[in-house]
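With positions in the sequence shown counted from 1, the corresponding number in the numbering used here is that position plus 4.
No wet-lab data here; the hints were simulated from the structure.
Please read all numbers here as calculations on a predicted model, not as lab measurements.
Ideal Cβ positions, reconstructed from N, Cα and C, are used throughout, including at glycine.
Treat the hints with care, since some could be wrong.
[Claimed, not checked] So the derived label-pair ranges between C-beta atoms look like this:
#, residue 1, residue 2, range
1, Leu44, Ile135, 20 to 30 Å
2, Asp39, Asp6, 44 to 54 Å
3, Leu44, Gly126, 51 to 61 Å
4, Val47, Glu131, 24 to 34 Å
5, Arg110, Glu140, 49 to 59 Å
6, Arg7, Arg43, 50 to 60 Å
7, Arg57, Arg35, 47 to 57 Å
8, Gln45, Arg7, 29 to 39 Å
9, Thr20, Leu42, 26 to 36 Å
10, Asn162, Gly126, 22 to 32 Å
11, Arg110, Arg43, 44 to 54 Å
12, Cys127, Val47, 20 to 30 Å
13, Leu44, Met16, 40 to 50 Å
14, Asp151, Glu52, 49 to 59 Å
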Amino acid sequence: MDRNVKLQRAKMDIMTIQERADMDQNLQRVRQEMDYKLRLQQVHAEAEVMQDRAKIDTKVPIMSFRVFKDREYSRIPRGYGEIPGESIITEPATKVEWSNLLSAMRNHGYRGNSELYHIKPGCVPPEGLVILLCQEDVDKMVRAHKDTKKCALYIVTNYPFRGDGYDETSDEASI
């Protein structure tokens, strides 16, 4: 009987060892499956991030503008103490269009009674200011700034002429 008990204990020990080995293998398989699923989720998440970045990165700046607004409301821009606004024209546009530029400038205070100027590279206002009136002027501006793709624009709001001899360009008018 002692022998039968020992034999039964040995069989149970073997079965326990076998069960543990099976459980270890099963656990390892489950871990591998979970790791695989986690990696797959990470790859999908990274792919989504890359797609989002691709959508953002495809908008390559064609031209970047710093926009100043003349506070003196004169035909000759003089005062630029305000913090400038910024506007960027990006792809899919292939060039800066006059109509798109005016639309973008409306966000910065451009109105029908305003004039829009750009400054030639290397100049300090009011010297070097060039008025923009049409697409041809915009094309010239883009060519002048083709190396930096950055340009300062100045919006000058003009009020109707008063007709009483008042000269808005005189020094007294700016007081």
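Is it true that the C-beta distance of Arg110 to Arg43 lies inside 44 to 54 Å, as the hint says? The hint (44 to 54 Å, Cβ to Cβ) holds, given that Arg110 and Arg43 are roughly 50 Å apart.
Would you say the C-beta atoms of Arg7 and Arg43 sit inside 50 to 60 Å of each other? Given range 50 to 60 Å: holds, Cβ gap about 53 Å.
Supplied distance hint 26 to 36 Å, evaluated on CB atoms of Thr20 and Leu42: holds (32 Å)
Please test the hint of 49 to 59 Å on the beta carbon pair from Arg110 and Glu140. violated (21 Å)
Arg35 and Arg57 - C-beta distance against the hinted 47 to 57 Å: violated (32 Å)
Honestly, do Asn162 and Gly126 meet the 22 to 32 Å range at C-beta? Cβ of Asn162 to Cβ of Gly126: about 27 Å, so the range 22 to 32 Å holds.
Between the beta carbons of Leu44 and Met16, is the distance compatible with 40 to 50 Å? Holds: the Cβ-Cβ distance is about 41 Å, inside 40 to 50 Å.
Lying within 20 to 30 Å: is that true of the beta-carbon distance Leu44 to Ile135? Given about 60 Å between the Cβ atoms, the range is violated.
Beta-carbon spacing of Asp151 to Glu52 - inside the hinted bounds 49 to 59 Å or not: Given about 37 Å between the Cβ atoms, the range is violated.
Looking only at beta-carbon atoms, does the pair Val47, Glu131 fall within the given range of 24 to 34 Å? violated (58 Å)
Within 51 to 61 Å: is that where the Cβ-Cβ distance between Leu44 and Gly126 falls? holds (56 Å)
Given a hint of 20 to 30 Å, does the C-beta separation of Cys127 and Val47 actually sit inside it? violated (53 Å)
Checked against the numbered hints above, the structure violates hints 1, 4, 5, 7, 8, 12 and 14; every other hint is satisfied.
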